[in-house]
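Colleague: Chains B and X, in that order, give the protein sequences.
The opening residue of the first sequence carries number 6 in this note's numbering; numbering runs sequentially from there.
The opening residue of the second sequence carries number 6 in this note's numbering; numbering runs sequentially from there.
Among these hints, one or two may not hold up.
[Stated by the list, open to error] Pairs of lysine-lysine, DSSO-like flavour, derived with a Cα cap of 27 Å:
(1) X:Lys313 x B:Lys409
(2) B:Lys223 x B:Lys409
(3) X:Lys477 x B:Lys313
(4) X:Lys436 x X:Lys412
(5) B:Lys313 x X:Lys409
(6) B:Lys436 x B:Lys412
(7) X:Lys436 x B:Lys313
(8) B:Lys313 x X:Lys412
(9) B:Lys436 x B:Lys409
(10) B:Lys412 x X:Lys409
(11) B:Lys477 x X:Lys313
(12) X:Lys436 x B:Lys436
(13) X:Lys223 x X:Lys504
(14) X:Lys409 x X:Lys436
No lab work stands behind these hints: they were computed from the structure.
Protein chains: 2
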Amino acid sequence: MARKSRGKQRARSAFPSQQPWQRLVNPYSPIEVLDEEELNAIHEASMEILENVGVEFLSERALTILENSGAIIDRDNNLVRMDRGLVLESISNAPSQFTLHARNPQRYVLIGDNHICFDSVGGPAYVSDLDQGRRAGNFNDFRKFICLIQSLDVLHMCGGIPVVPVDLDPATRHLDCIYTTITHIDKVWHTTGLGRQRMSDAIDMLCIVRNQTRDEIKTEPGIFTTINCNSPRRFDGPMLDGLMEAVEHGQAVTITPFTLSGAMSPTTLAGSLVQQNVEALAGIAFAQIVSPGSPCIYGAFTSNVDMKSGAPAFGTPEYTQACLASGQIARYYGMPYRSSNTNTSNVADAQAVYESSMSLWGSIMGHSNLLHHAAGWLEGGLTASFEKTIIDAEMLQMMGAFLKPFKVTNDTLSVETISQVEPGGHFFGTKQTLDLYEEAFYSPLLSDWRNFETWSDSGAQTATERANILWKNILDNYEQPHIDPATDEHLRVFVDRRKKEERQH
Amino acid sequence: MARKSRGKQRARSAFPSQQPWQRLVNPYSPIEVLDEEELNAIHEASMEILENVGVEFLSERALTILENSGAIIDRDNNLVRMDRGLVLESISNAPSQFTLHARNPQRYVLIGDNHICFDSVGGPAYVSDLDQGRRAGNFNDFRKFICLIQSLDVLHMCGGIPVVPVDLDPATRHLDCIYTTITHIDKVWHTTGLGRQRMSDAIDMLCIVRNQTRDEIKTEPGIFTTINCNSPRRFDGPMLDGLMEAVEHGQAVTITPFTLSGAMSPTTLAGSLVQQNVEALAGIAFAQIVSPGSPCIYGAFTSNVDMKSGAPAFGTPEYTQACLASGQIARYYGMPYRSSNTNTSNVADAQAVYESSMSLWGSIMGHSNLLHHAAGWLEGGLTASFEKTIIDAEMLQMMGAFLKPFKVTNDTLSVETISQVEPGGHFFGTKQTLDLYEEAFYSPLLSDWRNFETWSDSGAQTATERANILWKNILDNYEQPHIDPATDEHLRVFVDRRKKEERQH
Chain B
6 MARKSRGKQR ARSAFPSQQP WQRLVNPYSP IEVLDEEELN AIHEASMEIL ENVGVEFLSE
66 RALTILENSG AIIDRDNNLV RMDRGLVLES ISNAPSQFTL HARNPQRYVL IGDNHICFDS
126 VGGPAYVSDL DQGRRAGNFN DFRKFICLIQ SLDVLHMCGG IPVVPVDLDP ATRHLDCIYT
186 TITHIDKVWH TTGLGRQRMS DAIDMLCIVR NQTRDEIKTE PGIFTTINCN SPRRFDGPML
246 DGLMEAVEHG QAVTITPFTL SGAMSPTTLA GSLVQQNVEA LAGIAFAQIV SPGSPCIYGA
306 FTSNVDMKSG APAFGTPEYT QACLASGQIA RYYGMPYRSS NTNTSNVADA QAVYESSMSL
366 WGSIMGHSNL LHHAAGWLEG GLTASFEKTI IDAEMLQMMG AFLKPFKVTN DTLSVETISQ
426 VEPGGHFFGT KQTLDLYEEA FYSPLLSDWR NFETWSDSGA QTATERANIL WKNILDNYEQ
486 PHIDPATDEH LRVFVDRRKK EERQH
Chain X
6 MARKSRGKQR ARSAFPSQQP WQRLVNPYSP IEVLDEEELN AIHEASMEIL ENVGVEFLSE
66 RALTILENSG AIIDRDNNLV RMDRGLVLES ISNAPSQFTL HARNPQRYVL IGDNHICFDS
126 VGGPAYVSDL DQGRRAGNFN DFRKFICLIQ SLDVLHMCGG IPVVPVDLDP ATRHLDCIYT
186 TITHIDKVWH TTGLGRQRMS DAIDMLCIVR NQTRDEIKTE PGIFTTINCN SPRRFDGPML
246 DGLMEAVEHG QAVTITPFTL SGAMSPTTLA GSLVQQNVEA LAGIAFAQIV SPGSPCIYGA
306 FTSNVDMKSG APAFGTPEYT QACLASGQIA RYYGMPYRSS NTNTSNVADA QAVYESSMSL
366 WGSIMGHSNL LHHAAGWLEG GLTASFEKTI IDAEMLQMMG AFLKPFKVTN DTLSVETISQ
426 VEPGGHFFGT KQTLDLYEEA FYSPLLSDWR NFETWSDSGA QTATERANIL WKNILDNYEQ
486 PHIDPATDEH LRVFVDRRKK EERQH
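In isolation and in its complexed conformation, chain B is listed as follows:
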């Protein structure tokens, strides 16, 4: 994982060609599954529940803040009811677009409007590859993923802990993970939102790596976190603590209900979206009450269970519709929107890909601004797969190419070129082809377009088998982005100190 010397690099296979790191804008109108009346009906139903039924906040501090802002609190059961005036006024303070800054100034990202950002899978406890199959994650796997995420230019950001290093002490694991991430990646990063101390550590380390004060990073946020609602209608204490710490320091939060239709939300998609909306708006309103104007993202994760078994299913047609509808709902409130690249498959196979494609198309044509878990997610999010990471990188690159606006000009219309080639002839030798051929079309990362015989003679590898070779090839060629040795030292000292403190607890 260390930076390779030149000599060593030469001995390795070359880094595969990839599309350059670039910010993406969706030039197409979103697909809309709801008409205006249906959108209003979802809004009205959400307001009814927010006003009359309420959402549980398991934090005394949060309840007090909400009470002081005018919410009605039922102390017996921690239920918070907010009238629509309070909700809508609060969320109106959230910016419709904001920038997240990376330690590499070139790699800032824009969240909102028609921008779209991809990040890596975050959170799985298991890891899998073709060599060793599926097993619990460890710190070595974690580091390999971190290097892959840095190397894959299609990923704008690091989506969190790609796989949990279960071999590290849970009390201090986050310190090791953050240190490794921010020294090996120069992109914007996701940090855990579970608890005030972990968030505070992340903010301190962000300050160190950026050589800025807490006041300075407040106006130039660089990290984002996911605040899950423990659906239905419950925000747990540690999540609320993490949320408050993040927004008080101007860092971005994605409020993401886990509305699994048929289990944690109603057995209708419309009902699940109402509940998602209730929970997301409650969380965003709370964030804005704590810190008006802080960057928030409307997170959507509505999918459904397999009604035969109760098992969660992702990348279903319902998931696609929910992605599109959620985008409409987020835009209704002027909020940036997050969705995910999900699938249910246990292995990086055809199912993983067709479910992912349903997720990707729903997300991208729903104008998701943050596509979370965009690369590497498998098995309903329980596993991070090395091969799926490469397959996803190819799929994301293809979507990026698809999002490039179509060019119609006198030159591209090619009337002269068409007129010059005789019927039944070919265009290989035309001046236009010779001028354009290098950059004319999308060039793949993983796809093999050779004919059957050539492909067969060279080993007849499936895309998943080629992905296995590619991720190792990319890791062989990993180059650590420059970090000032003093900064690195400062980070190490911080981590050591904090580890000692945690051990003394």
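With chain B's structure known, arrange chain X on it following the hints.
Modeller: Same frame as chain B, but now just chain X:
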């Protein structure tokens, strides 16, 4: 392949559950990659070429018909130039929507407007499955595909010869294929457009199986064919003969240029679409001159080559954009629109699926009315794959479920249900869940949603491996649709007579 006795059926595995055969309508607005000005520019460039440069028609009869209609013919090089008045007036006679009738009256299909139909792969010379790999197709493989196509309810129609039976005499192969198809399938079917005699045989056999005269089937078309332009700008003689025979008998033709950007068309997508449009409009105008009002489909097949090797590539981001743009162009002229479910992969793997998904989404959100090669296509169309057929069937079923309109009603909004479930609880036991659980969500054909341990314990099969089991299972359960023995006999007599005639040639 024969109809199974009851006893035999019991001994076999059950037919897997699938979504019922149903006509599909796309409820969403199409994705548009071209604005009005760009669309007009493509139209103008096309008219310029049709008027001033021309298209080659390699048929004396076609040239005479075109000359008589007012086109300008250059007899030295068979080039036909048509002014825009002639082109637009001719194509205005084509119906914007029409019905194709099947021998099973329930299985008619609507082509045009927002309807979308799926058919099977047509034309490959090779066949592949996990058991025997990829090899030349034979009549046994052909028959197996025919039974699969009948059994898979997601396929509205049979897309032609799914794999060429190279073990049959090429001179009479079409007779065996048509006989097998129409006796084993009760859906609308595609027949080869190559040559007048083959088309005439198909029409005769359509009359026999429907027990109708040539005059009667003329107003109730039941077959469709693909007329490829030998791009650039050439219609070959046999294709024109087939076209004339089809439209003179009121059967449907899909005029499909093979505009492979960088090889058979310009190295820009806009230029390739101009050329596609020139060729499609020339063919459609000719069809309408021959038989005004006959059903025609605007066929689009614009993809691009790999500029490094010159090899064709399918399911690329450019292909997706071309599908969307072609839909806009077809609608500009009020024509039904055909595209294809393509990919370049040599095997039914992740690449085959992500390329297919790019094709599917471009086609469906481009409002394709006929998705040709929708199931089974592999290797740029050279191979028909049994496993890919099943994977595609699942993907098509999922798209079908995605196309079901979203339901927002007081009931589905579920305010009461949400209010009744306590925070942190679950919805498994609610009345709503119990009422809805059987039909609530999409139920898959191929996807395995079991958890890793269960999946692993039962063999850890990939989706492609499961597809291998499924297609055999489906074939085991194939039931031939009823055909009147006299009709069957009539068909046999016809085929025998025609075979003798061909042998005497």
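Colleague: All hints are to be evaluated individually against the structure, with a verdict given for each.
Modeller: Comparing the hints with the structure gives:
no.	hint	result
1	X:Lys313 x B:Lys409	holds (21 Å)
2	B:Lys223 x B:Lys409	violated (33 Å)
3	X:Lys477 x B:Lys313	holds (25 Å)
4	X:Lys436 x X:Lys412	holds (19 Å)
5	B:Lys313 x X:Lys409	holds (21 Å)
6	B:Lys436 x B:Lys412	holds (19 Å)
7	X:Lys436 x B:Lys313	holds (17 Å)
8	B:Lys313 x X:Lys412	holds (22 Å)
9	B:Lys436 x B:Lys409	holds (24 Å)
10	B:Lys412 x X:Lys409	violated (33 Å)
11	B:Lys477 x X:Lys313	holds (25 Å)
12	X:Lys436 x B:Lys436	violated (69 Å)
13	X:Lys223 x X:Lys504	holds (25 Å)
14	X:Lys409 x X:Lys436	holds (24 Å)
Consistency with the previously given hints fails for numbers 2, 10, 12, ordered from lowest to highest.
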